[in-house]
Structures are given as C-alpha cells and as structure tokens.
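Peer 1: On the provided structure of chain E, position chain D as indicated by the hints.
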Amino acid sequence: MEGLLNDIAFIIGTTLMYSTPLIFPAIGGVITERSGIINIGLEGMMYFGAFVGAAVAYFTQDPWLGFLCAGLAGASLGLLHAIATVSFSAEQIVSGIAINFLGVGLALFISRLVFDGATQTLTVPNKIPLPLDFLFGDGRLFPSAGFMDLVFNRFATVYIAFALVLVSWFVLYRTRLGMRLRAVGEHPEAADSLGISVFKIRYGAVITSGFLAGLGGAAMSIAVVSRFNNTLISGHGFIALAAMIFGKWKPQGALLACLIFGGAKGLEIFMGAKGVPIPSSLLATLPYILTIVILIGWVGRSQPPAAIGKIFDKGED
Amino acid sequence: MTSIDFSHKAVEMIDVVKKFGDFVANDRISLTVHRGEVHALLGENGAGKTTLMNCLYGLYHPTEGTIRINGEPVRISDPNVAIRHGIGMVHQHFKLVEPFTVAENIVLGREPVRFMGILDMAEARRRVGELSSRYGLSVDPQARIEDLSVGSQQRVEILKALYRGAEILILDEPTAVLTPAEIKELIGIIRNLTKEGKSIIIITHKLHEIKQVADYCTIIRRGVFIDRVAVDAVSEHDLAAKMVGREVSFSVPKTEAEPGRVALSVRDLAVKDNRGIFAVDGLSLDLHYGEILGIAGVDGNGQSQLVEALMGLRPAAAGRIMLGERDITSASPREIIGDHMSAIHEDRQKRGLVLEFDVAENLILETYRRPPFSRCGVLSHQEIYRFGEHCIDTFDIRPQQATLTAKSLSGGNQQKVIIAREVSNNPDVLIASQPTRGLDVGAIEYVHQALVEQRDSGKAVLLISFELDEILTVADRIAVIFEGRIIGLLDASEADENRVGLLMAGGGP
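Those protein sequence lines, which keep their order, are chains E and D.
Position one of the first sequence corresponds to residue 82 (our numbering), numbered consecutively onward.
Position one of the second sequence corresponds to residue -15 (our numbering), numbered consecutively onward.
For reference, chain E alone in the conformation it holds in the complex (with noise of 0.2 Å):
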C-alpha cells in the first residue's frame, strides 16, 4: 500500500518538476499570442536562457542570478522579434524561425568560446534551492522519501511557475492591463481608435514572453540538471506552443496541458525506473506523440485571438 502512494507521489513529483520549464514559455505564449503576436521563437528563447543561466549561475555561483540573466537573454531575443514584428511588420512565423536559429547558434557559440570548444557548460556549484527542504527529513514535519516530500519538496522553480499562473491569469483578467492586451489581440483598430498603444503593449507583450521562456529554459538547467548541454531543451519551446494552444490561449488551460505534458516524461521516467519492459527511447517519445494525439483531436476546437499574426498598419502614411 505504501509502495503504491509512493510511486504516485513520485510520478506527481516529477510531473511537476518537469511541467515547470513548460509551464514559463507556454505562460509567456498566452501573453504575446493574446496580444496578436505569434511566438514560434520560444524554443530559442528557451535554449539561449538555458545556456545563460546555466554559464552565469557556473561563474558566479548565484544560481538566482543566473535565473535572471537567462530571464533577460530569453527577452533580449524577444526584443528582436517584437523589432522585426511589430516595428517592421515582419511575418511572425518566418521571425520565430529565425529566433530559433538564432537562439541555438548564439547560444553554442558562446558556449564554445567560453567552455573551451564544449557545446555544454561545466557543473554548476549550486542549484535553484529547495524552499521547503527545511520542512522534510528525519526528525521533521514530514519523514524523507515520503508522500509529501516525494510530491512537495521541489526547486523553487515549481512554486514560482504555479505563482506565475495565477499572476497571469489574474492581470490578463482583472487589470486594465491586462483587458487592454485582449482587447489589442482580438481589434487592434478598435484599441487603437481608443488611444492604446497598440505598440507599446505588444512590444511589452513580446518581451515578455521571451523573459518568461528563458527562466524556462533555467528552470531546466540550474534546477532539473545542473548544466547546460546542446540537447537539454530539444523541442520543449515547441510542446509548450501546443499546450499553450491546447490551453485555448488561457492561463489556466495552458498550466493544464503542461501538466499533462509533464505527466507523460513523468511516467516515462517512472517506468523506466520501474524496469518495464519498453525500450526506453521509445518512451522518450511518449510526450512528442501526446503533443501530436492531443493537437490534432483539440486545436480544431479552440478559437485563437481574432487578430493573432495579422499586420497591424495604423494607415497613416
């Protein structure tokens, strides 16, 4: 019986732990795609704050520090895309590519330069810390290796992505902020006739999205493992896109599918622990075929902003 409520409490555990670096992109996709820019450039954003964080968190040994930095990488590409979208009118889809590029070679490149010639960064000295470590272990609250410290004792990572959702939700939803983002989203015409700049906020929107998927992509490297390599975040950009999707471009829908995603690498990693007898590359697939299983029988049904990756022209001039 414990055995079972352990296992469950395991597969909960990793589920959130790695929900987590899904959860930051797909949060900052809500954002900027409820503006009306589409973001396919998450990916890179993700791999260059990975490589970030993981490089200043290795040389200065400040794992928050280096959650930051790679915050501000993810949206130092999020500048340029919201430069080429928004100020030049630029396809939305064919910038992403090009972020994604972008986001992978810089991010090797530095690598190399610094690591000398590695395509990884060495071992940082200290990961995102355990908040709530103090509350688990013999002799405390709750014993180690049990239900909750199997479930609750995680990176601060975790806590702070659900926080995130909440904030999200609670900004797009009740603030004025946040109705004048919808509102840019769904009739940028009719904002901007009203005096909103339209600009301003998917400028704002854009960035953003890219601060929030490079904390992603440390949420990976300094917290989940403890380096960065060249095949760390391969195509989580993209599952975060279909659960942001899956999510109906909604907060709260967003966090559910990463949950999901999430569950399955979970439940790869639980079985393979558990020694089933299935290979275990072919269990690695299991959250790229959900991806694929849950788009094709959902997307159909979503209805995306209305003036999602169209050219906003203010016709003066």
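FYI, nobody ran anything at the bench for these hints, they're computed from the structure.
One or more hints might be untrue.
Facing chain D, from chain E, some residues (calculated, C-beta under 8 Å) [claimed, not checked]:
#1 L183
#2 A264
#3 E267
Sample of chain E residues lacking proximity to chain D, with all beta carbon distances greater than 10 Å (derived) [what the hints assert, rightly or not]:
#4 I93
#5 I174
#6 L258
#7 V357
#8 A387
#9 I392
Computed cross-link-like contacts, DSSO-like style, restricted to lysine-lysine with a CA-CA straight-line distance of at most 30 Å [unchecked claim]:
#10 D/K3 / D/K190
#11 D/K79 / E/K391
#12 E/K391 / E/K281
#13 E/K391 / D/K168
#14 E/K281 / D/K79
#15 E/K391 / D/K3
#16 D/K256 / D/K226
#17 D/K179 / D/K190
#18 D/K256 / D/K195
#19 D/K(-7) / D/K238
#20 D/K79 / E/K329
#21 D/K391 / D/K3
#22 D/K179 / D/K79
#23 D/K190 / D/K79
#24 D/K226 / D/K(-7)
#25 D/K391 / D/K334
#26 E/K331 / D/K238
#27 E/K331 / E/K281
#28 D/K79 / D/K168
#29 D/K238 / D/K195
#30 E/K391 / D/K334
#31 D/K195 / D/K179
#32 E/K329 / D/K256
#33 E/K281 / D/K3
#34 E/K355 / E/K208
#35 D/K3 / D/K79
These figures come from a predicted structure and were not determined experimentally.
The beta-carbon is built from N, C-alpha and C at its ideal position, and this holds for glycine as well.
Peer 2: Frame of chain E, contents of chain D only:
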C-alpha cells in the same frame, strides 16, 4: 432644428489639405458645425469624406489647414487628443472587440480602476447603465458584442463616444447596415443628442436621410469642396447633382413587365447555415421570364443561404429547385452556370472576383475552359485580352485597361466587371444579390439599368436586397423573406414602404 446655437462654432475646419504621397485626398476643404447642429458630409465613395473626418479625429494628420474646436485652434495628433477636445467617432466598420461585453467595450482605454490598475467592472456597468438611460440608448451592459444585433452594436459605439464626454459626434455611414426600424430609432437618438447640445456630423451618401435628419450639408467631390447648403433649401435632386457633378435620375426608366413562362421554380426549399440551423425553411417561389422578382427582407433571414443553394454552393436539406425543365437541386455550380443561371454575389471581393487577377482574367473565370479562350488546356492570351477590351468598351469599365488587377478598381467598376462577365454568359436567369452594396449613386444607376435591360431582353432576374428603396424602384413583383420563408408576395404597383416594411419585420399583411 430648434437646438442650434449659431453663436457657438463647435467645429471649424479651414482649408484642410490631406495628401497621401502625390495623391490629394482632401484639397482645401472647409467645414463649420455649430453647437446643437446635425451636419451632413455628403460625397460619393472615395470623395474624401472619411479622410477628412479621420483628420478631425486625429487618425490622420492634415498636410495643411487649421482646425478650431469651440473657437480654439487645436492640433489633433491622435485620437486621445480628439477625445480630450470632446470629439467622438463612430466608424462605419464598428471597432468593437467581439468577445468583450458591452461595458468592457465602452470603458476600454478609460477603465475605472480600484488601485494598482485593478479593474472595477461594477462601477463600469453602473456608469454605462446611467449613460444609456440618460440618452435613451438601451443596451445590456453585460451582453457580449458577438450576440448583439448591428443596431445595438451601433448604440454601443455611440455610448463609447459619450462615455468619453463627446460633445461632437462623427457618425460614418451610420445607416448603411441598419433596418428601416433601426434607422428611425437612430434618428430619434440623434435628436435626443442635439437637444443636449451635442453637435453631430454624419458622413453619408444617402440623400433622403440627409433630408430627414440634417440641418446643414457640406458637399465634397473628388476631394474638393463643392458647397455648403441649408438642407431645407434644397431638394434631393439638387444634392445628388452637386455630389455627382451631373444630373442623376433616381427612378429607373422601365416599361411594364411582360412576364412569360416560369424560368426558375423553387419548392419547399430548406437550407442549413454553418451552425446547422435552418436558415431557409420551406421557401417556395416562381420566377418568370421577363420579370424582376425582388426579395425584400432584413439581413440574416436566409437570403445568403438561398442564393448559395440556388447556385449550388450549399446543399439543400430538403425541397426542389427547377431551372426550366431541369432539376438542379443537387447540381454543381459549373453545371448550373452551364444551364444558364448566373449570379452576382453579395460579396464581390470574396465570391465575385479574384482580386489579384487582372480585369480580363476575371472576365473569363467561367468560360476559360472553352474555346476561344483555351484549347487543349492552354490559354489564349490574345483572345482573353481581346474579350477583355471588348467588355471594357461595352460595359464602360474604368480605367480602360484590361491588365489592371481587380483590386485596383473602385467598387462600382469591380461590380461592372462582374456584371459584364455574367451578362456575357447570356443567362436565362440572373440572380443579383445586394448588387449595389457600397456603391455610389452613379454606379447604382448603372447596375439598376443593367438589370432592367436584362429583363427587357426577356430574361428572368431575381434581385435580393436589404435596401427597400432598391426593391421598390427596380422590382416588378416583391417577395418578402422572413426567417427563411416567403411571407408575402405583392405586385410592385401595390407595394409601398409601410406595407413591405411591416412584412419585413415579420408582421402579417
């Protein structure tokens, strides 16, 4: 007329020039509106009316000229500045966020907040309720825009301007999409507003509405100021002549119809719309050779689905469509066109034309497969452009150049291309769905004449229009459609606006 305060000039635009590159959209236009006045801005499509008003509302910046609001010279750099000066604008295409509620749309950009930018929607709803009762504009603050009728959406737009403290309200083509009853309601609202000392500028090309509601009228033509007149002192004919620059006839000259045998017969037709609801529900009608049958009705009573079913673009769920002796209920569009039934579709840019193709190519969209335009699957450019030139001459399409893309033509000339194509096919039955939508007086005249000519050559014409005037002037018989059924059939000679209007609203005869 009593509410005008002549001592107070609310708006003065003096010698305003607006250029887009080399193109002069407004060439020294002046406009004065007093407090409490309803001022009409009259001109054909493309005359520069909306451009001028966009300058007043800060969406465009005038190249030259002065704008004074309440006597003070102002520089209106963006809509925010316009709003601060008490100017509000209701655009022709409403600028409403569809998934938002009425209250959200009205307060957007000036939202009541508690602290730290947290919305206070209860306060928003309260203020909207207060405004709507004060000016007699009834709307439910909690309703979603996508669930509202066009008339209600327009009220939301007006409330949006009033919420921002508008004293000067610009209405761009406000009646284009309204039913006769909604137009009456709008006129009542305008009177309420002027009583409260608001000034109204109406952009329009509809003359009888100007006569009904406006005090003064400024007429512009091709970007140039033509005249400013007191509406009482001029007739509709004078206004039309000033707007178009020549004499215009409103009544379509036509002789008594000589209906022959039945050309098209529809029996108990039922058609579903995209949501799976029966939009056409048990409709029957007979169309004879040598007549124009007009289908009057308010938008959304199944007209679009009827035309689509007739032309084979949408399957019939039940019933039968007979074209002469042939059952075409489940025929393809190509077969139907081959059987000599053609249509001028309501959305000329979507269904009527390939906008990126040139005029000559658009003219052969239905006949490209046949000689002389193609042989063995190879197009003959020589024949295609010869035919293009021929149509351009015959149907007076301007500019006279077959290689221009369809999208570079004006609406009226786009419609001429479609008419040229369909009439050249020599159809026994011609369906014209909203053929004059968005066209100006001169082009409307042309389209109406083309329909009558078609009838006079012994063909059958089915005219579907939301404009009651159009049906009354052009049709020989009038069928009124309501909720997917024909609920009344009258002779044009015995029909008048009140009778048909009542039927259109679903009222019995």
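Peer 1: Look at each hint and say if it fits the structure.
Peer 2: Hint check results:
1. For E/L183, the interface hint is violated, the least distance from its beta-carbon to any beta-carbon of chain D being 33 Å, above 8 Å.
2. With a least beta-carbon distance of about 5 Å to chain D, the hint placing E/A264 at the interface is held under the 8 Å criterion.
3. With a cut of 8 Å, the hint placing E/E267 at the interface with chain D holds, because the nearest CB-to-CB distance is about 5 Å.
4. With a least beta-carbon separation of about 34 Å from chain D, E/I93 lies farther than 10 Å from that chain, consistent with its non-interface assignment.
5. At roughly 21 Å from the closest C-beta of chain D, the C-beta of E/I174 stays outside 10 Å, upholding its exclusion from the interface.
6. A beta-carbon of chain D is positioned within 10 Å of the beta-carbon of E/L258; the least distance is around 6 Å.
7. At roughly 45 Å from the closest C-beta of chain D, the C-beta of E/V357 stays outside 10 Å, upholding its exclusion from the interface.
8. For E/A387, the shortest C-beta to C-beta distance to chain D comes to about 7 Å, within the 10 Å cut-off, and the non-interface label is violated.
9. Against the 10 Å criterion, E/I392 stays outside the reach of chain D, whose nearest CB is about 17 Å from its own CB.
10. A threshold of 30 Å between alpha carbons decides the hint, and for D/K3 with D/K190 the separation of about 26 Å falls inside it, so the pair holds.
11. The suggested pairing of D/K79 with E/K391 holds, with an alpha-carbon distance near 16 Å, which does not exceed 30 Å.
12. Of the pairs offered as hints, the one joining E/K391 and E/K281 holds, with about 17 Å between alpha carbons and a cut-off of 30 Å not exceeded.
13. Between E/K391 and D/K168 the alpha-carbon distance is near 37 Å, which puts this suggested pair outside the 30 Å criterion.
14. Taking the CA atoms of E/K281 and D/K79, the gap is about 20 Å. The hint holds against a cut of 30 Å.
15. Between E/K391 and D/K3 the alpha-carbon distance is near 27 Å, which keeps this suggested pair within the 30 Å criterion.
16. With a CA separation close to 46 Å, the supplied pair D/K256 and D/K226 exceeds the 30 Å bound.
17. Restraint check: the Cα-Cα separation between D/K179 and D/K190 comes to about 24 Å, which is no more than 30 Å; the hinted pair holds.
18. Between D/K256 and D/K195, the direct Cα distance comes to roughly 41 Å. Violation of the 30 Å bound is thereby established for this hinted pair.
19. Only pairs whose Cα atoms come within 30 Å are accepted, and D/K(-7) paired with D/K238 is rejected, the gap being roughly 47 Å.
20. Using a Cα cut-off of 30 Å, the hinted pair D/K79 and E/K329 holds, with the two alpha carbons roughly 24 Å apart.
21. Between the alpha carbons of D/K391 and D/K3 the distance comes to roughly 21 Å, so the proposed pair stays at or under 30 Å and holds.
22. Pair hint D/K179 plus D/K79 holds up; C-alpha atoms about 27 Å apart against a cutoff of 30 Å.
23. Under the criterion of a C-alpha separation no larger than 30 Å, the hint pairing D/K190 with D/K79 is consistent with the structure, at around 22 Å.
24. Restraint check for D/K226 and D/K(-7): satisfied, since their Cα atoms lie roughly 25 Å apart, inside the 30 Å limit.
25. The straight-line distance between the Cα atoms of D/K391 and D/K334 is roughly 11 Å, inside the 30 Å bound, and the hint therefore holds.
26. Simply put, E/K331 and D/K238 have alpha-carbon atoms about 60 Å apart, too far for the 30 Å limit, and the pair is violated.
27. For the suggested pair E/K331 and E/K281, the alpha carbons sit about 22 Å apart, so the restraint of at most 30 Å is met.
28. A hinted pair counts as satisfied when its Cα atoms are at most 30 Å apart, and D/K79 with D/K168 qualifies at roughly 23 Å.
29. Taking the CA atoms of D/K238 and D/K195, the gap is about 27 Å. The hint holds against a cut of 30 Å.
30. A threshold of 30 Å between alpha carbons decides the hint, and for E/K391 with D/K334 the separation of about 19 Å falls inside it, so the pair holds.
31. Annotation: proposed proximity of D/K195 to D/K179 holds, straight-line Cα distance about 19 Å (limit 30 Å).
32. The suggested pairing of E/K329 with D/K256 holds, with an alpha-carbon distance near 28 Å, which does not exceed 30 Å.
33. Note on E/K281 and D/K3: the hinted pairing holds, with a Cα-Cα distance of about 28 Å set against a maximum of 30 Å.
34. Straight-line distance between C-alpha atoms of E/K355 and E/K208 comes to about 27 Å, which keeps the hinted pair within the 30 Å bound.
35. As the CA atoms of D/K3 and D/K79 are separated by approximately 25 Å, the hinted pair is consistent with the 30 Å bound.
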